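Following the hints, position chain L with the ligands against chain D.
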Amino acid sequence: MMENNIDEMVRKLLDGDRRMLARTITLVENGRKGHRNVMRQVYPHTGKAMIVGITGAGGAGKSTLTDILIAKFRKMGKTVGVVLVDPSSPFTGGAMLGDRIRMKKHAQDKGVYIRSIASRGTMGGLSRATYDIIRIIEAFGVDIIIVETLGTGQDEIDIVHFAHTCLVVFTPGMGDDIQAMKAGILEIADLIIMNKADLEGAETFIRHLKGAVTAADIPEGAWVPKVLPSICVSDKPANIKGQDEIIEAIYEHFAFLHKSKSLDAIKFQRLELELGLILNSELQNLIFKGLKGTGLKKKYINAILGGENDPYSVVREILDTYVLHRKDA
Amino acid sequence: MENDKKIKVVITKVGLDGHDRGAKIVVSLLKEAGMEVVYLGMFNQVEDIVQAVVDEDADVLGLSYLSGEQLIFTPKIVEEMKKNELDDVLLIVGGTIPVEDIPLLEEMGVERVFRAGSLSSEFVEYIEKNIKK
Ligand SMILES: Nc1nc2c(ncn2[C@@H]2O[C@H](COP(=O)(O)OP(=O)(O)OP(=O)(O)O)[C@@H](O)[C@H]2O)c(=O)[nH]1
Ligand SMILES: [Mg+2]
Numbered sequence: 000m001m002e003n004n005i006d007e008m009v010r011k012l013l014d015g016d017r018r019m020l021a022r023t024i025t026l027v028e029n030g031r032k033g034h035r036n037v038m039r040q041v042y043p044h045t046g047k048a049m050i051v052g053i054t055g056a057g058g059a060g061k062s063t064l065t066d067i068l069i070a071k072f073r074k075m076g077k078t079v080g081v082v083l084v085d086p087s088s089p090f091t092g093g094a095m096l097g098d099r100i101r102m103k104k105h106a107q108d109k110g111v112y113i114r115s116i117a118s119r120g121t122m123g124g125l126s127r128a129t130y131d132i133i134r135i136i137e138a139f140g141v142d143i144i145i146v147e148t149l150g151t152g153q154d155e156i157d158i159v160h161f162a163h164t165c166l167v168v169f170t171p172g173m174g175d176d177i178q179a180m181k182a183g184i185l186e187i188a189d190l191i192i193m194n195k196a197d198l199e200g201a202e203t204f205i206r207h208l209k210g211a212v213t214a215a216d217i218p219e220g221a222w223v224p225k226v227l228p229s230i231c232v233s234d235k236p237a238n239i240k241g242q243d244e245i246i247e248a249i250y251e252h253f254a255f256l257h258k259s260k261s262l263d264a265i266k267f268q269r270l271e272l273e274l275g276l277i278l279n280s281e282l283q284n285l286i287f288k289g290l291k292g293t294g295l296k297k298k299y300i301n302a303i304l305g306g307e308n309d310p311y312s313v314v315r316e317i318l319d320t321y322v323l324h325r326k327d328a
Numbered sequence: 000m001e002n003d004k005k006i007k008v009v010i011t012k013v014g015l016d017g018h019d020r021g022a023k024i025v026v027s028l029l030k031e032a033g034m035e036v037v038y039l040g041m042f043n044q045v046e047d048i049v050q051a052v053v054d055e056d057a058d059v060l061g062l063s064y065l066s067g068e069q070l071i072f073t074p075k076i077v078e079e080m081k082k083n084e085l086d087d088v089l090l091i092v093g094g095t096i097p098v099e100d101i102p103l104l105e106e107m108g109v110e111r112v113f114r115a116g117s118l119s120s121e122f123v124e125y126i127e128k129n130i131k132k
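The listed protein sequences correspond, in order, to chains D and L.
For the first sequence, numbering that gives the first Met the number 0 begins at 0 and goes up steadily by one.
For the second sequence, numbering that gives the first Met the number 0 begins at 0 and goes up steadily by one.
Treat each hint with caution, since some may be false.
What the hints assert, rightly or not - 30 Å max Cα-Cα, derived DSSO-like pairs, lysine-lysine:
1) D:109 x L:82
2) L:132 x D:288
3) D:297 x L:4
4) D:288 x D:32
5) D:225 x D:260
Everything labelled a hint here was simulated from the structure, so no lab data went into it.
On a predicted model such as this, the values are computed, not experimentally measured, just so you know.
If we strip away everything but chain D, and leave its shape as in the complex, we get (with noise of 0.2 Å):
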């Protein structure tokens, strides 16, 4: 894409044109030509939205308990983006996407825009393409981004250090793995939503994650972990509650944040992740593009091969000949 084209694309995005939202997000998660460019201009629009971090097992109900989350903003006439992560399968690469279908009734709202993409690679975590879309969604303009990903509760769950506000979505049925997880799920959780409250087992669990928050050793003046139920499917729609409380606890949260002078800390952290990333592959670019054509990077791999060498002695002297000495070169 030549330069002035993304000029161009960038001016539409925001704009408020949604098909080069699509379009911009494909540029950048493909790490095609531009993209850096995209993002350079990109970046200073954003950092305005609300961004709500859901994450839970597999099956908890993310994708639906998004989608009623969905409907309430609007309601309360906030625009919002939506970003549903599932993971690539590390044999082939490829990925089911699935979490749009339970979002249906908002595909013709202007006031919606849902993207689904795949993990690529990264465990539990975000890539840095996931990231830079949601930049690139804050950019387009929408007042609140919700990230729904999928973690147990037990791995590093980047979405933490990136949402104001983390919701972690349980079930009934598992209350089983709770004596494992419970120290991860408090740091990790801002609110903890157990939901499907209509099945049996509920109550207990509850009681039991209330008891969790209530030992926790939380630190004077920090934000204590509310614990909230929500049914969001049954036959009869006055069942579905819960909804309403989660939203007043992610505005009371992100008032906290506010208050506590937090949202200064988490822009920093995010920060922070999105360098070490942005530095990574940059990086990683860097040095292979330098080997290409030098038979160095053969070399390498064969000497570890051999039995001569390690992989961690060779990047010390990758390092130590390209980015080390640089200055002195």
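Just chain L with the ligands now, kept in the frame of chain D:
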């Protein structure tokens, strides 16, 4: 990181029969072939399907039929795609399609019809060779 282009496909079941096993099999075959597949499920409106193609910036739209709506539904999709200037999206149809419908569908603007029983290697290869973006 540079140019990790993956093929993005939107698949939807069309028809009122309420069976989408065939569509789901296609979804997993395409996933196995390394594609990123958005599955829209059943009972979707024409406008909603096409809007999903726009928002997901898909390379391919696949319609899966089981109970004979292909001649009625497909032209509506084609028209809506035209309205949205989606001429760079590959439109394919699959499922239980009578042989005599194939030329009709192709005339409507479907690029390729894969009848039930088509080899997965056949449609994977077709998609890989023919995406327009
Ligand atoms: N009984 C009951 N079922 C629910 C509730 N919320 C969601 N479900 C059902 O749980 C199933 C999974 O819901 P999803 O929203 O797809 O769950 P998810 O966490 O997004 O799933 P993945 O994205 O696949 O990890 C669906 O069949 C929903 O209808 C609830 O409150 N009660
Ligand atoms: Mg989901």
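Is it true that the CA of residue 132 of chain L sits at most 30 Å from the CA of residue 288 of chain D? holds, 26 Å
Going straight from one Cα to the other, do residue 109 of chain D and residue 82 of chain L come out at no more than 30 Å? holds, 17 Å
For a C-alpha distance cap of 30 Å, please report whether residue 225 of chain D and residue 260 of chain D respect it. Roughly 20 Å between the alpha carbons, so the hint for residue 225 of chain D and residue 260 of chain D holds.
For the pair supplied as a hint, residue 288 of chain D and residue 32 of chain D, confirm whether the alpha-carbon distance does not exceed 30 Å. holds, 15 Å
Residue 297 of chain D and residue 4 of chain L: Cα distance at most 30 Å? holds, 25 Å
Violated hints: none; the structure is consistent with every hint.
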